[in-house]
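Line by line, the protein sequences give chains A and B. Using our numbering, the first residue of the first sequence is number 1, and each one after it goes up by one. Using our numbering, the first residue of the second sequence is number 1001, and each one after it goes up by one.
Hints are computed from structural coordinates only; laboratory data are not their basis. Among these hints, one or two may not hold up.
[Stated by the list, open to error] A few chain A residues that face chain B, going by a derived Cβ cut-off under 8 angstroms, partial list only:
#1 Arg-30
#2 Leu-45
#3 Glu-47
#4 Gly-49
#5 Gly-50
#6 Val-52
#7 Leu-56
#8 Pro-74
#9 Ile-85
#10 Glu-89
#11 Val-92
#12 Gly-110
#13 Lys-113
#14 Asn-117
Glycine included, each C-beta is placed from N, C-alpha and C at the ideal position.
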Amino acid sequence: MLSRLVLRAAPAALRALPPPVAVGVLHTTRPLHTTQQSLAPVPPLPEKGGEVRHGLIPEEFFQFMYPKTGVTGPYMLGTGLLLYILSKEIYVINHETAAAACILTVIIYGIKKFGANVAAFADKLNEEKVATALAMKNEAMQALQTAIEEEKKEQWRVEGRSYLFDAKRNNIAMLLEANYRERLMMVYSEVKKRLDYQVAMQNLKRQKEQDYMIQWVEKNVVQSITPQQQKESIAKCIMDLKALSKSAHAAV
Amino acid sequence: GPLGERPLLEVRLGELHTWISTCSCSPQGLLGAAHRAWSSYCAKYIHVKQGGTAGISMLLAGYCLLSYGWNYQHFKRHRWRKYH
């Protein structure tokens, strides 16, 4: 996805320039989305270019001449043309001809020797590019897939919300109940304390009254015992004792 | 199809004259034709997965021929023979 954006940016800038020069060239300057159906997926590039014979002449020329002149037709044409332009000196042999011959020899030797290696290298670069793009795409798809699964799981979790709220409601109800009972207990204990206080007050009062009355009675009784009565009671006690001792003597 | 809309390669030699007369000679027409020719060349030889030397070597050969043609008056002076 992102590589396609990069590829879009490049051709807009490079469209004015001629195509890049390389063996096994990379398709970075192909103008994308030039037609109306720009939203369709970009079709893949063709595998091989048009057939060319001897590196210069397209195959279509040979096919064009084949029905009339057979296989050797274009070669005879080429030879005849070459001799004609040489003999009429339409092409003049000069120092540049020698230079061109040397340069062409070197170029052809280089291509024949290193062509395959360079092509393989460029192919490898291309492969890596495509592989990274594909990996990105796969990664993106994988990420989206996991996102979908996560979403489904979340949706499943939402169904369990009712249980959660029920538990919470139960918790709150229990708290309220506990609070209520606590307060009930407090009220009971307070009332009991008040009543106990009243009871204690009454008991205390009665006890005090009793004590006081006993004390008062004792005091009055002690007061009422005159000295005369005291003497009489003491004499009576002595007589009783004597009598008792006498009876005890007698018993012995 | 009709003669005017066929591409050049499918026109027979005898109909070439009529075909040339049907194509538009306005600047836009010529520019469009040049653009179409260039993009068809690119699509065939350059924008492929495994292009070879053919793509640019044909361009270079065409360039060599063109520049020889432009400098022909200069080369004419270096001829070897006087009479042809």
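Hint by hint, here is what the structure shows:
Look at Arg-30(A): its Cβ gets to within about 5 angstroms of chain B, closer than 8 angstroms, so that hint holds up. Because the smallest distance between the Cβ of Leu-45(A) and any Cβ of chain B comes to about 5 angstroms, under 8 angstroms, the interface hint for this residue holds. A cut of 8 angstroms between beta carbons decides the hint on Glu-47(A): the least distance to chain B is about 5 angstroms, and the hint holds. The criterion of a C-beta within 8 angstroms of any C-beta in chain B is met by Gly-49(A), whose closest approach is roughly 4 angstroms, and the hint holds.
With a least beta-carbon distance of about 5 angstroms to chain B, the hint placing Gly-50(A) at the interface is held under the 8 angstroms criterion. Look at Val-52(A): its Cβ gets to within about 4 angstroms of chain B, closer than 8 angstroms, so that hint holds up. Residue-level restraint check for Leu-56(A) holds (minimum Cβ-Cβ distance to chain B is 6 angstroms; threshold 8 angstroms). Against a cut-off of 8 angstroms between C-beta atoms, the interface hint on Pro-74(A) is violated, since the closest Cβ of chain B lies about 16 angstroms away.
Proximity of Ile-85(A) to chain B is violated relative to the hint, the smallest CB-CB distance being about 10 angstroms (cut-off 8 angstroms). Interface hint status for Glu-89(A): upheld, as the beta-carbon distance to the closest one in chain B is roughly 5 angstroms, under 8 angstroms. At its closest, the beta carbon of Val-92(A) sits 5 angstroms from a beta carbon of chain B; the interface hint therefore holds under the 8 angstroms criterion. Because the beta carbon of Gly-110(A) sits about 10 angstroms from the nearest beta carbon in chain B, more than 8 angstroms, this interface hint is broken.
The interface hint given for Lys-113(A) is broken, as the beta carbon of that residue sits about 13 angstroms from the closest beta carbon of chain B, more than 8 angstroms. At about 14 angstroms, the closest approach between the beta carbon of Asn-117(A) and any beta carbon in chain B exceeds 8 angstroms, and the interface hint on this residue is violated.
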